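J.: The sequence shown lines up with residues 1213 to 1468 when you count with my numbering.
Calculated from the structure, these hints are not laboratory results. Treat the hints with care, since some could be wrong.
What the hints assert, rightly or not - Label-pair restraints from in silico Cβ distances:
no.: 1; residue 1: ALA1440; residue 2: GLY1311; range: 27 to 37 Å
no.: 2; residue 1: GLY1442; residue 2: GLN1363; range: 45 to 55 Å
no.: 3; residue 1: LYS1284; residue 2: LYS1431; range: 27 to 37 Å
no.: 4; residue 1: ALA1350; residue 2: VAL1372; range: 25 to 35 Å
no.: 5; residue 1: LYS1464; residue 2: GLY1323; range: 31 to 41 Å
Computed from a predicted model, the values in this text were never measured in an experiment. We treat Cβ as the ideally placed atom computed from N, Cα and C, and that holds for glycine.
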Amino acid sequence: MSWFESLILGLVQGLTEFLPVSSSAHLRLTAAFSGWHDPGAAFTAITQIGTEAAVLIYFRKDIASIIGAWSKSLADKEMRKDHNARMGWLVIVGSIPIGVLGVTLKDQIEGPFRDLRITATMLVVVGIVIGVADRLAARDESGGRHRVAKQRKELTDLGVKDGLIFGLCQAAALIPGVSRSGATISGGLFMGYRREAAARYSFLLAVPAVLASGLFELKDALESDHIAWGPTIFATVIAFGVGYAVIAWFMKFIST
């Protein structure tokens, strides 16, 4: 991989990871249309460490509060009623589906699922799902023809059942072409959550899943001679900087 390829792929990763489009699909398609080799699942997972680092920094206050309250709830049952402690448990619950399916389907994820025909098909399907979900949310907020706005759910309404459904939506992103944020935010909108609430939980839910995937691939990559470390690290740094800017813009966009 050349430095120019790593620059472009890092930009693509940072631009698309947090938007409701598939970053893995765009990395795959960018390489294909440019006549480059498929960067591979390992490259994708490692560069995602950069974008998840952006999440950790952008949501650092939220994450610190959640970890602190969750840690206290391990010894103090009363703390389990605290919103941040509950959110910590719900992030764990929501991470179960992708953890189980990610390990079970590892060979398919790194092989057949990366077929460009599957990627292109899923981009179209998920795009339609996102459009329908957003239209439903907009109708509820405007009140539709009757002009009576429907109250949508906040994160305080999140429970184990909804957390698992969010998690299953996130697990669908194991297939290139399915956007992680697009799938989880759309799932949240269909369940009646506000856009901002669905997006916030989506970003928090992605942290353990993406970091675990990235570190797992990093471990394998350290034992391999096939990774171009200089360009890969460069792409990860680019993805971090661009990803942080995209999060800030996206959270402002959906809250207006």
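J.: Evaluate each hint against the coordinates.
T.: Hint-by-hint comparison with the structure:
no. : hint                            : in the structure
1   : ALA1440 <-> GLY1311: 27 to 37 Å : 29 Å, holds
2   : GLY1442 <-> GLN1363: 45 to 55 Å : 52 Å, holds
3   : LYS1284 <-> LYS1431: 27 to 37 Å : 31 Å, holds
4   : ALA1350 <-> VAL1372: 25 to 35 Å : 28 Å, holds
5   : LYS1464 <-> GLY1323: 31 to 41 Å : 39 Å, holds
This entry satisfies every hint, going by the numbered hints stated previously.
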